[in-house]
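Protein sequence lines, in the order shown, are assigned to chains A and B. Oh and the first sequence: position 236 is 236 in this note's numbering, straight run, nothing missing. Oh and the second sequence: position 139 is 139 in this note's numbering, straight run, nothing missing.
Treat the hints as calculated values from the structure; they're not laboratory data. Quick caveat: nothing in here was measured; it's all calculated off a predicted structure. Keep in mind that a hint or two might mislead.
What the hints assert, rightly or not - Here are the computed lysine-lysine pairs in the DSSO-like style, where the Cα-Cα straight-line distance is at most 30 Å:
(1) B:K141 <-> B:K237
(2) B:K197 <-> A:K233
(3) A:K6 <-> B:K128
(4) A:K385 <-> B:K241
(5) B:K241 <-> B:K197
(6) A:K6 <-> B:K192
(7) B:K128 <-> A:K233
(8) A:K233 <-> B:K52
(9) A:K7 <-> B:K52
(10) B:K192 <-> A:K233
(11) A:K7 <-> B:K192
(12) A:K233 <-> B:K168
(13) B:K168 <-> B:K197
(14) A:K380 <-> B:K52
What the hints assert, rightly or not - Computed from the model, here is a short list of chain B residues facing chain A with C-beta under 10 Å:
(15) G64
(16) Q65
(17) L68
(18) G69
(19) I80
(20) E97
(21) H122
(22) T123
(23) S150
For glycine and all other residues, C-beta sits at the position ideal for the given N, C-alpha and C.
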Amino acid sequence: MFGLNKKDTTLFIIVAAMTLLAPFILNPFPTDSALAQFNAGYPDLMQRFVIFGILAIGFNILFGLTGYLSFGHAAFLGVGSYSAVWMFKLLSMNIIPAIILSVIIAGLFALVIGYVSLRRSGIYFSILTLAFAQMSFNLAYSVLTPITNGETGLQITLDDPRVLGVSVAENGNPPVTNLFGLEMRETFTLDLGAWAFQFNIGFYVCALIMLAAFYVSVRIFRSPFGLMLRAVKSNQHRMNYTGLSTRPYTLAAFVISGMYAGLAGGLMASMDPLAGAERMQWTASGEIVLMTILGGAGTLLGPVLGAGFIKYFENIFSKINDNILHTWFAIMPDGLEDLLVTIVHPFVGKGWHLTLGLLFMLVVTFLPGGLVEGGQRIAKALSRKKKDEPKTPDASE
Amino acid sequence: MGILEVKDVGKRFGGLQALGDVNLNVEENTVHAIIGPNGAGKSTLLNVLVGKLIPDSGSVLFDGQSVLGRTPHDINQMGISRVFQTPEIFGDLDVMENVMIPCFAKRDGAFALNGYGSVASHTDIREKAEQMLADVNMLEKRNMQASSLSRGDKRRLEMAMCLVQDPKLLLLDEPTAGMARADTNNTIDLLKEIKEKRDITMAIIEHDMHVVFSLAERITVLAQGTPLVEDTPENIKGHPKVQEAYLGQAHD
Ligand SMILES: Nc1ncnc2c1ncn2[C@@H]1O[C@H](COP(=O)(O)OP(=O)(O)OP(=O)(O)O)[C@@H](O)[C@H]1O
Ligand SMILES: [Mg+2]
Chain A
1 MFGLNKKDTT LFIIVAAMTL LAPFILNPFP TDSALAQFNA GYPDLMQRFV
51 IFGILAIGFN ILFGLTGYLS FGHAAFLGVG SYSAVWMFKL LSMNIIPAII
101 LSVIIAGLFA LVIGYVSLRR SGIYFSILTL AFAQMSFNLA YSVLTPITNG
151 ETGLQITLDD PRVLGVSVAE NGNPPVTNLF GLEMRETFTL DLGAWAFQFN
201 IGFYVCALIM LAAFYVSVRI FRSPFGLMLR AVKSNQHRMN YTGLSTRPYT
251 LAAFVISGMY AGLAGGLMAS MDPLAGAERM QWTASGEIVL MTILGGAGTL
301 LGPVLGAGFI KYFENIFSKI NDNILHTWFA IMPDGLEDLL VTIVHPFVGK
351 GWHLTLGLLF MLVVTFLPGG LVEGGQRIAK ALSRKKKDEP KTPDASE
Chain B
1 MGILEVKDVG KRFGGLQALG DVNLNVEENT VHAIIGPNGA GKSTLLNVLV
51 GKLIPDSGSV LFDGQSVLGR TPHDINQMGI SRVFQTPEIF GDLDVMENVM
101 IPCFAKRDGA FALNGYGSVA SHTDIREKAE QMLADVNMLE KRNMQASSLS
151 RGDKRRLEMA MCLVQDPKLL LLDEPTAGMA RADTNNTIDL LKEIKEKRDI
201 TMAIIEHDMH VVFSLAERIT VLAQGTPLVE DTPENIKGHP KVQEAYLGQA
251 HD
């Protein structure tokens, strides 16, 4: 279907179903139950899941296929956000022109950074991209204040021209981002028994764009171009003596993944029209790397899983405080309760990084192929009882 | 006028004269063997031919055009393919993909943003690769990961990757090293067969004299970076200088 083979079609349909049904899937616990804090079906969180999914899918085209580890991808995310906010300020609050500009500007930016960085490979390449990203971050923070509004971040104001829209909405506030009138913040709530499911326009716009981005990445993985990118990772020497010029291939992959990051940045600004320099910081770049490796670099599904996993941790585990812990262990005798709270305390709330770090170490040590490998092993163990089917290796899930 | 003309090529590595004034003329559609003891500069000469090394002096003409200063991929696109002394293959990819990549390179050039369709949907490429794998008896291994092949199979795969490009000049750096006797004989037969089927020139470096005398029409003996003699296999066999410099050493 749509130029995908049977296996990829199935995978795509599963991803599409999971994404579009996310408001249900991420909201399994009744609103008033004790476990409700593990629900993740909130508009802003779900938006973040899919936006970071796009980011990781794009990063995987570079890192997963060619093996070039960029430590500066957050720069493209930031550039995309700034571009989008400028479009909101100057043109209109419609997200389409904003997103288009984000992708184009991030692509151009990636072309320049890639052109220079790709003269080196391995650790030198990583360091060069890191240096560029930190440079961009510092520029955005200081010298480029007229464009980026420095520390405060770029926001929309009531004096913006917005030539195709209005400067001030009827209620006196700045207008809101929309898709031809459909407001991104619009949310419908479906009350079903003890559950309240939220359906947000912004989330669905992002989700559809993510599915398109995922589809394009599947096509790239399976295409002759994708094969060449895998060849780059495997043996550049052989490629050169086979009549292939490696540089344009790596540069194309770099620009494409930069455009994905720009798209993610543009969508972020479309959901919440502001852009700050911290979005470009090296920690943000590192997070993208973690997502991809945790999920499974070089696999189709891995980056999406990794992005969801990390964002879930960041938002859910970080909110668990001592009060909540005490309610959990309330049934225990007092002394034991305090002890348990003390033990769990460093792993939740502000300590969520610790939990994530430990999990990351476990995954990388025992599942080098990431969460996808974990899934594959489980599936294999289950199907071994049925029959031995020939399995196509790697990059298939 | 040969298809390959090497004139007065010299190359030094620090104090070591790896090549000193090498002259070599390879006639079109012949098999030309280059033999010589270890360290004679045979691989270095090939490195110059494929653009891996730039010589200090001299000129190299292929098909009337200079190859010096060109990039390796450019030289390959001119029609020179090389099998390396240690197999250079795409270890992470499967055998079929390994053979399809050179086909794409030949069809689409050094770079093509070919995102259209899946790899398998390019029927012309797939059929060509399958045919080539059948020719080298590796079709049943098409789905194996290349790095898991035996050393001999890796060589055969690399040879298939070069042959599938239909090169004008094929450079073989010890193609049978590490192969079992039977595989060596298969390789000889394969190269003979290819030679009969299409127009191809081969330059082959080999220590195995059985291979050399089965295939070569001309032989150049290289010692310490300079050609000692160039002649037909019959004459080389009995040549006293060669006996002394190379064969004697190899057969003692
Ligand atoms: N890149 C290099 N840097 C320095 N010295 C080199 C380099 N390449 C080759 N040499 C030296 O040049 C000489 C010729 O090496 P070359 O590999 O051409 O020999 P060869 O004839 O192919 O030998 P063998 O039969 O062992 O493969 C050797 O002494 C080698 O050590
Ligand atoms: Mg050698």
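Structure-based check of each hint:
{"no.": "1", "hint": "B:K141 <-> B:K237", "in the structure": "violated (39 Å)"}
{"no.": "2", "hint": "B:K197 <-> A:K233", "in the structure": "violated (35 Å)"}
{"no.": "3", "hint": "A:K6 <-> B:K128", "in the structure": "holds (25 Å)"}
{"no.": "4", "hint": "A:K385 <-> B:K241", "in the structure": "violated (70 Å)"}
{"no.": "5", "hint": "B:K241 <-> B:K197", "in the structure": "violated (36 Å)"}
{"no.": "6", "hint": "A:K6 <-> B:K192", "in the structure": "violated (43 Å)"}
{"no.": "7", "hint": "B:K128 <-> A:K233", "in the structure": "holds (24 Å)"}
{"no.": "8", "hint": "A:K233 <-> B:K52", "in the structure": "holds (20 Å)"}
{"no.": "9", "hint": "A:K7 <-> B:K52", "in the structure": "violated (42 Å)"}
{"no.": "10", "hint": "B:K192 <-> A:K233", "in the structure": "violated (35 Å)"}
{"no.": "11", "hint": "A:K7 <-> B:K192", "in the structure": "violated (43 Å)"}
{"no.": "12", "hint": "A:K233 <-> B:K168", "in the structure": "holds (28 Å)"}
{"no.": "13", "hint": "B:K168 <-> B:K197", "in the structure": "holds (13 Å)"}
{"no.": "14", "hint": "A:K380 <-> B:K52", "in the structure": "violated (46 Å)"}
{"no.": "15", "hint": "G64", "in the structure": "violated (20 Å)"}
{"no.": "16", "hint": "Q65", "in the structure": "violated (16 Å)"}
{"no.": "17", "hint": "L68", "in the structure": "violated (16 Å)"}
{"no.": "18", "hint": "G69", "in the structure": "violated (15 Å)"}
{"no.": "19", "hint": "I80", "in the structure": "holds (9 Å)"}
{"no.": "20", "hint": "E97", "in the structure": "holds (6 Å)"}
{"no.": "21", "hint": "H122", "in the structure": "holds (7 Å)"}
{"no.": "22", "hint": "T123", "in the structure": "violated (13 Å)"}
{"no.": "23", "hint": "S150", "in the structure": "violated (18 Å)"}
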